[in-house]
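Each chain is listed here by its residues.
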Amino acid sequence: MGPQHWLYTIPLRLRSVFLSRRVERELDEELQFHLERKIEEGIAKGLSPKEARYAAMRAMDGLEQRKEAMRDMRRIHWLTDFLDDARFAIRSLSRTPGLTAFVVITLALGIGMTSGTFSMVDALIFKPYPVPHPSGVATLVSTTHDSSFDDFSYREYLDIRDKTKSYDGVIANADMEAVGFSAEPRAASRVRGGMMVSGNYFHVLGVEPQLGRGFREDEDQVPGRNAVVVLGPDFWKHEFASDPSVVGRTVRLNGKDFTVIGVAPETFPGMLIFGHPDFYMPLAMSRVFSTKPQKNFFEDRDDRELHLRARLKQGTTLQQAQNELAMLAQNFEREYPKVNRGRGAAVHTQFEMRTRTDDVNWKFGVIFVTLALAVLLVACTNVAGLLLSRARARTREIAVRLAIGAGRFRLIRLLLTESLILASLGGLAGIAIGYGIVEWFQSFQNVIFMTDLPFSIPFQMDTRVLLASLALSALSALLCGLEPALQSTRTDLVNGLKSADVDVPGRKRLWGRNVLVVAQVSASLMLLTASFLMVRGFQHSLLEGTGFAKDHLLMVGFDPRLVQYNTAQTQQFYKLLAERVREAPGVQSEALTQNIPLGDDYFDGIGFVPEAFQMPRDRENFNAMMDTVNEGYFETMGIPILHGRGFLASDTAEAPRVAVVNEQFAKHYWPREDAVGRHIRLDSAAGTPVEIVGVVRTIKYQFTAEKPMDFVYMPLAQHPIARMTLMLRSGGDALQLVPSVKEVVRTLDPNLPMLETRAYEDFYLNKAVEGPRIAMKLVGSMGVVGLLLAIAGLYGLVAYNVSRRTREIGIRMALGAASSDVLRLVMGKGLVLVGVGTVVGLVMGFAVEQLMNSMLFNAGGVDLVAYVIVVPSLFLVTMLAAYVPARRASRIAPTQALRYE
Amino acid sequence: MSKPNDLVQGTLDLLLLKILALAPLHGWAISLRLKSISGDVLQVSEGSLYPALHKLEQEGWITAEWKQTENNRRAKFYSLTRLGRKQLESEAANWQRLSSAISHVVRLEEA
Chain A
1 MGPQHWLYTI PLRLRSVFLS RRVERELDEE LQFHLERKIE EGIAKGLSPK
51 EARYAAMRAM DGLEQRKEAM RDMRRIHWLT DFLDDARFAI RSLSRTPGLT
101 AFVVITLALG IGMTSGTFSM VDALIFKPYP VPHPSGVATL VSTTHDSSFD
151 DFSYREYLDI RDKTKSYDGV IANADMEAVG FSAEPRAASR VRGGMMVSGN
201 YFHVLGVEPQ LGRGFREDED QVPGRNAVVV LGPDFWKHEF ASDPSVVGRT
251 VRLNGKDFTV IGVAPETFPG MLIFGHPDFY MPLAMSRVFS TKPQKNFFED
301 RDDRELHLRA RLKQGTTLQQ AQNELAMLAQ NFEREYPKVN RGRGAAVHTQ
351 FEMRTRTDDV NWKFGVIFVT LALAVLLVAC TNVAGLLLSR ARARTREIAV
401 RLAIGAGRFR LIRLLLTESL ILASLGGLAG IAIGYGIVEW FQSFQNVIFM
451 TDLPFSIPFQ MDTRVLLASL ALSALSALLC GLEPALQSTR TDLVNGLKSA
501 DVDVPGRKRL WGRNVLVVAQ VSASLMLLTA SFLMVRGFQH SLLEGTGFAK
551 DHLLMVGFDP RLVQYNTAQT QQFYKLLAER VREAPGVQSE ALTQNIPLGD
601 DYFDGIGFVP EAFQMPRDRE NFNAMMDTVN EGYFETMGIP ILHGRGFLAS
651 DTAEAPRVAV VNEQFAKHYW PREDAVGRHI RLDSAAGTPV EIVGVVRTIK
701 YQFTAEKPMD FVYMPLAQHP IARMTLMLRS GGDALQLVPS VKEVVRTLDP
751 NLPMLETRAY EDFYLNKAVE GPRIAMKLVG SMGVVGLLLA IAGLYGLVAY
801 NVSRRTREIG IRMALGAASS DVLRLVMGKG LVLVGVGTVV GLVMGFAVEQ
851 LMNSMLFNAG GVDLVAYVIV VPSLFLVTML AAYVPARRAS RIAPTQALRY
901 E
Chain B
1 MSKPNDLVQG TLDLLLLKIL ALAPLHGWAI SLRLKSISGD VLQVSEGSLY
51 PALHKLEQEG WITAEWKQTE NNRRAKFYSL TRLGRKQLES EAANWQRLSS
101 AISHVVRLEE A
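Heads up: the sequence lines are chains A and B, in that order. The numbering of the first sequence is the numbering used here, which starts it at 1 and goes up by one. The numbering of the second sequence is the numbering used here, which starts it at 1 and goes up by one.
Hints in this document: simulated from the structure, not taken from any laboratory. This structure is a prediction, so every number in the text was calculated from the model and none was measured. Watch out, some of these pointers could steer you wrong.
Unchecked claim - Simulated crosslink set (BS3-like; lysine-lysine; CA at most 27 Å straight-line):
hint, chain 1, residue 1, chain 2, residue 2
1, B, Lys35, A, Lys45
2, A, Lys50, B, Lys35
3, A, Lys742, A, Lys550
4, A, Lys295, A, Lys163
5, A, Lys38, B, Lys35
6, A, Lys67, B, Lys18
Turn these sequences into a full structure, and let the hints guide you.
Laid out in structure tokens, this is it:
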């Protein structure tokens, strides 16, 4: 049956559904016409009108049966039946508004939490690149011993682009960087996010600019020749008010004039998850934007700053591309052993890149979704339990239906329709909750990204998430509706008709219910454990401290490239800046650093060979993180020097190269000796020797929850860096220093902008405390919701059991059982179930703890405190939930219990 | 649902399609035509005619239109659609194959 067939039949089906009266009338009329002809024929043959009529009817085999047969032919009864079921279900649900509301809210919480967190995982992992045929875009990475996801140099890029045959095109881009931007030549420049890309970037990705054009390949061939720029869609909207005449205009980037040639389309906010570049520049203009003055971007094969992506040719597999690239990497190793030894290359899909092991974002997302699914599971078991009780209470109704001939399948469908309606309502409310959660995430935009660059939280309630939520609703309808439907239609007819609720409890039936309780208790125990661990993990990492003083610090960023300083001018500027701010009123001490600790930027890496250290045969060097700082850094940041000395003014560019390492580094390479006085050689065994002059305390560098890592400091005078951050320690409020800094900067160069001017403590609180606190709130609320649902579910199940056994209890008490016996009888089973649930939950909790430890926290062992707090409290609470209805049962007067029903 | 038990299953569809391929007709006229062309060999109960017509209509093979008859009565006239014509061709071909195969079998002589 082709689509053509549907073209004909769908309107017919729709007509049968929506114009059913008219269709019925036409049916009547058609048969009537036939009957009349038949009667006329009979009369013509000589029958009396009455006889003729009778004969005609007989020939039809019954008019109504014919009509029913014709209705069947329309093949819509499944739909009309469904509408009938739905109507019936809505009626019966609205008879128990309390129960319905509870079920809907329960499901809404489960679905909402899941869809809210799914929006996160979707954005972080699943959402395809915003380009045509996104699945054809692969990522190429350089691999070393220390990193499986390293970048490529410009020379390597050219070789890969020209020598591979697996791709329709290979593109390169650098990181999004702060760029000084001004729309008019005279206006003061502001910091915006620009990204250098290869000339074929837009073309290969298949992105058509909405205005003007993309780069031509020849615009990316001669260094410094073509100063052209393509604007991002948001930037064009906000900075230029969507002015179409912007194409052809001249703007200033880092003080140099660039011609705007195009605007990227609305559909292309960029290839990054969080960042949306304001504009794109060709790689050939790298001199204007380079951050590493020591390196020659166009020549140095070890100046690896480029991320490579490629579009696979039709019919080429990832494996083929992988083999080809690996061959090329081997050639590199042979041709350039100095910079490429031990270096391989790999091709990855988007999914592989987004789930890379060294990225924590998606792991958080996955943990959140897993926990949310646990909440949903608890919610579903809860609802299943309620529906089960409800179905039991309807035993007689169902028995009557079965007795008068309703098919079992038909009844199951009716009951499933009911749960589907509940789940749809829950799903709708859940989507609202999910929307709230996403909005809540969005509201932390400025907290999480405290930066001047265009970063945003990508979590959205879009069609993908909506569809997922609807699928979840359908799934939960099945989850919580199927078992009750199956059970209640398995009723023993005779008994079912005799009494409203005579239960002959088969082993199976009880088993199902017990599983519900165990599932709830264990899932909520796992949830609580997880949220507790997370809270304690963060608290622990905060308590552990960062290892440096955060208070009374002012941070101000500088980037003299924005006003076209060369390296010598830049060095001179920082020297004067440090000298003059030190004299400013209120300043106790001053420091310059390339990266602030716990900042948004990653520290640079450094390759080195430690002196007198047996290198493994297959490696050229080791790697560590590094920072470039000046003499005042350790004092200003309150980082104690453990051995040796910090940097001195005498460590000039002409003096012997020196470095300071952290304790972790020193212990790592010279576990039994003093590291001070030892040397490391940069890049390789033949590299520049650098003497270690001091060992400082290990602090937190990138995250508060990170494991201790090796770290190297280089003096600014010997390792010039263009963009630095000034840190000032004040006696009072840090922000009060701002005017004096402004004054100093004005005397040095009035055009130089001050970037990211903040009290460091504010920055720290936002980034390191507020971010984790958001995560804690989310996980904590999941734990609480899970627990509340489990309590409600357990209470409901025990209460239901009690009410079902009321008569039995009455008999027992009439025969002389004490109320304590009854209490024991009813509670006993609850105790066992909670016990089993606790054990299962503990096992799951341990598993989750292992997972979380391996992903997020450095705490190795089992967090006993979490269990000591969580397990007994859960046990107590669940016992209470069982106790309340049990107590009520034990107080029933026997006479009343026996008369029950 | 009543089946045209005196007809090989599915052949009623073929007959109806064939009749309607010749000219658009209403139900009564179809029942007369059925009787006359098959010379009373093929008995189609009037009862099963209308469900069969409805089925063909729902499949999209025939389409119906209310029109005036020659003596000015409103009646539902059925006619073949493009899809129906294709269906007729394939069913007719099937029938040919089947009937020739069966007659071949019937003509087999015992060895």
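What are the numbers of the hints that this structure violates, sorted from low to high? Hint check: nothing fails, all pass.
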